[in-house]
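Following the hints, put chain L in place on chain E, whose structure we already have.
These protein sequences, in sequence, are chains E and L.
Per the numbering used here, the very first residue in the first sequence carries number 465; after that it's consecutive.
Per the numbering used here, the very first residue in the second sequence carries number 465; after that it's consecutive.
Be careful, since some hints might not be right.
One copy or two, it doesn't matter: identical chains are merged, so the pair holds either way.
What the hints assert, rightly or not - The calculated lysine to any residue pairs, modelled on SDA-like cross-linking and capped at a C-alpha distance of 25 Å, are:
| hint | residue 1 | residue 2 |
| --- | --- | --- |
| 1 | K496 | N555 |
| 2 | K467 | A559 |
| 3 | K601 | M649 |
| 4 | K619 | E511 |
| 5 | K619 | T571 |
| 6 | K601 | P475 |
| 7 | K471 | G630 |
| 8 | K619 | I638 |
| 9 | K619 | I639 |
| 10 | K619 | E648 |
| 11 | K619 | V634 |
| 12 | K601 | S534 |
| 13 | K471 | G628 |
| 14 | K601 | P514 |
| 15 | K467 | R637 |
None of these hints come from the bench; they were simulated from the model.
What follows is the residue order along each chain.
There are 2 protein chains.
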Amino acid sequence: MRKHFRKHNLPVENIRRYLEPGPIVLVSSAWKGRRNIMTMGWHTVMEFSPSLVGCVISSGNHSFEMVRRSRECVINVPTTALTDEVIGIGNSSGADIDKFDHFGLTTSKAEKVKAPLIRECYANFECRLADDSLVDKHNFFIWEVVRAQAAVSPKSPQTLHYTGDGIFMVSGRIISRRRQFLPEML
Amino acid sequence: MRKHFRKHNLPVENIRRYLEPGPIVLVSSAWKGRRNIMTMGWHTVMEFSPSLVGCVISSGNHSFEMVRRSRECVINVPTTALTDEVIGIGNSSGADIDKFDHFGLTTSKAEKVKAPLIRECYANFECRLADDSLVDKHNFFIWEVVRAQAAVSPKSPQTLHYTGDGIFMVSGRIISRRRQFLPEML
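Same shape as in the complex, but just chain E (with noise of 0.2 Å):
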């Protein structure tokens, strides 16, 4: 069942906790009066502060181009409800169909770049570019999120970890071992 979350913003620095468990991310974007969205995997935590994010986006992909030049992006965290959407946009290209439109995904407006939010995704991360040094040789951009938004609830979504050839993993249960940790090495 698909739905819009009821979204609270979030510090920039916490958005490791969505992001570094490793789950497929839809990436939208927006240039020159035209929009889009990909299906990512690539991606990983850099740092906390400033809150950092590596992807690799190819260079084949429609999006390629369209975050190279805007330089900013909107990072979507969706669940399974989106399993055929997140499917079907990563088989789609950008170049033939509106995808916001093809897959009924409704967007909000992000406050801090131009790139749509997508609504029916459970936490949005808007990103600016902020090193570009690995885009040409490994098509690799380092963003700067600067605006965290995720649902009050659920507090642990099921989401999707793609294995390649069709699989996905999907996330399980939770264990909390806080009390294995130093504080600083949480």
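Relative to chain E, chain L alone:
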């Protein structure tokens, strides 16, 4: 229950199956007669061929100088059977203890690098430093996987996905959607 897996070699371009879902990994290193292990959650696949993996290893870690100077490491993928070890390794320093001895982990010799493989891990990827251009600025290492091994079974072991705050997400059910993909998008 900890065990040693029976492993087979796999093509290095296939490691995305193990790393793209975003598990916490153990990085082993060797330098000047010393060895070490660190727990790492900030990594991403970057390319199939050559097989590239990018990761952040903070300069505050004992492993930082060991991997920077040796220009080698092994990325080992633990399952939930090693949850205590993953946490213990992340909350101690190789400056104080030999973590292999302390946590009772056994090694086997790598073929292409000097850093040891951790036998109790499900998969082992031998890596050579491919690009250090962002090490000074972002502690970001780009590794080429030069040899890959993984357990023959189980096919989908339970892996740990860190969210911060002492909380891990454990991988759950697997869903296959192969037929919804374009062949070139798998």
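Hints broken by the structure, by number, lowest first? Hint 2 is the one this structure does not satisfy, whereas the remaining hints hold.
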